[in-house]
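J.: Sequence:
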Amino acid sequence: MATLNPRQVEAFRAVVLTGGVGAAASLINVSQPAVSRLIRDLQAQLGLVLFERRGTGLVPTGEALALYAEVERAFVGLERIAQAASELRNRRTGYLRIAALPALANGFLPRFVGAFLADRPTLHIVLSGLVSHAVLASVAQGESDIGFAETSMEHAAVLREPMPPAPYVAVLPQDHRLARRKRLRPQDFEGENFISLGPSSLSRYRIDHAFAEAGVSRLQRIETPLSEIACALAGAGAGVTLCEPFTATEYAPRGIAVRPFEPRIAFEFAALVPAQRTLTPVAREFIDGFRAHVARFLRGGKGPSLRSG
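First residue of the sequence shown: 27, per the working numbering; consecutive thereafter.
In short, the hints are calculated from the structure, not lab data.
Since the model is a prediction, treat every value here as computed from it, not as a measurement.
Watch out, some of these pointers could steer you wrong.
If you anchor each label on the Cβ, the simulated ranges turn out as follows [stated by the list, open to error]:
(1) 301 <-> 95: 42 to 48 Å
(2) 140 <-> 292: 25 to 31 Å
(3) 308 <-> 243: 34 to 40 Å
(4) 279 <-> 314: 28 to 34 Å
(5) 87 <-> 143: 39 to 45 Å
(6) 308 <-> 231: 35 to 41 Å
Idealized CB from N, CA, C, for every residue including glycine.
Make a model of the complete structure from these sequences and hints.
T.: This is the structure:
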């Protein structure tokens, strides 16, 4: 197959993003006939139908969406090269791409990023929220400089630096009968509607094991892969749950009660870094600073009390 014309790829990406030839033409600053021709030539060269017309717009086919995923990765790489060149021209002090699991990215980590940037006015940060396996892949593929993910997964191209483990807490509707108690145990959840985390996480296994060891039966009517959704469901009165304290703290003002839970179930996560690349000084500062920030939070130095609600 002949080498693809970069303008064809750019036009393809623009049409997928905008849903129409006219908007795509404006995005890449060419005429509509030029976009149509580029797309037509690309389809002929690939031997694929990439778009279907729906009304006045164009809808990408399944093949187009699969191709777009590859194209977007290439564009991210090109943008990173351009960013690196800009840093060199402007003598910027640093650029960090950080990926973190949602439990941290939903509030706790962004607050730390804000404080970190306050003392570094020339630092540029890209922060992404991804599930743990996607964080691992992002670091392994060089798309992120630092990742924060659960520690249950490994990759030969990634090094792990453990962060302070955080105890799971009980999350209840504010008016729930158990909210009157100072701390909760598995026996307190007997017969309760329980919101479970997704089956693929180590945390789900540890939580289920604690209840099985205590011989406690819960009504596991709802399952979700994200602790944010679990907390929102608890706030809506759909049931009770256990989650790490970072998300529980974020949702404490939103109609939930948060209580300590025994026995201790640890939420274990780590900073992930590329194995074959030396960390920049600013990346090392970020990891060490965030580790200290987590430790202060767990000691009770920051964040609302677990008596919230």
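J.: The structure should be examined with respect to each hint, and the outcome stated for every one.
T.: So, going through the hints one by one against the coordinates:
no.: 1; hint: 301 <-> 95: 42 to 48 Å; verdict: violated, 25 Å
no.: 2; hint: 140 <-> 292: 25 to 31 Å; verdict: holds, 27 Å
no.: 3; hint: 308 <-> 243: 34 to 40 Å; verdict: violated, 50 Å
no.: 4; hint: 279 <-> 314: 28 to 34 Å; verdict: holds, 30 Å
no.: 5; hint: 87 <-> 143: 39 to 45 Å; verdict: holds, 42 Å
no.: 6; hint: 308 <-> 231: 35 to 41 Å; verdict: holds, 36 Å
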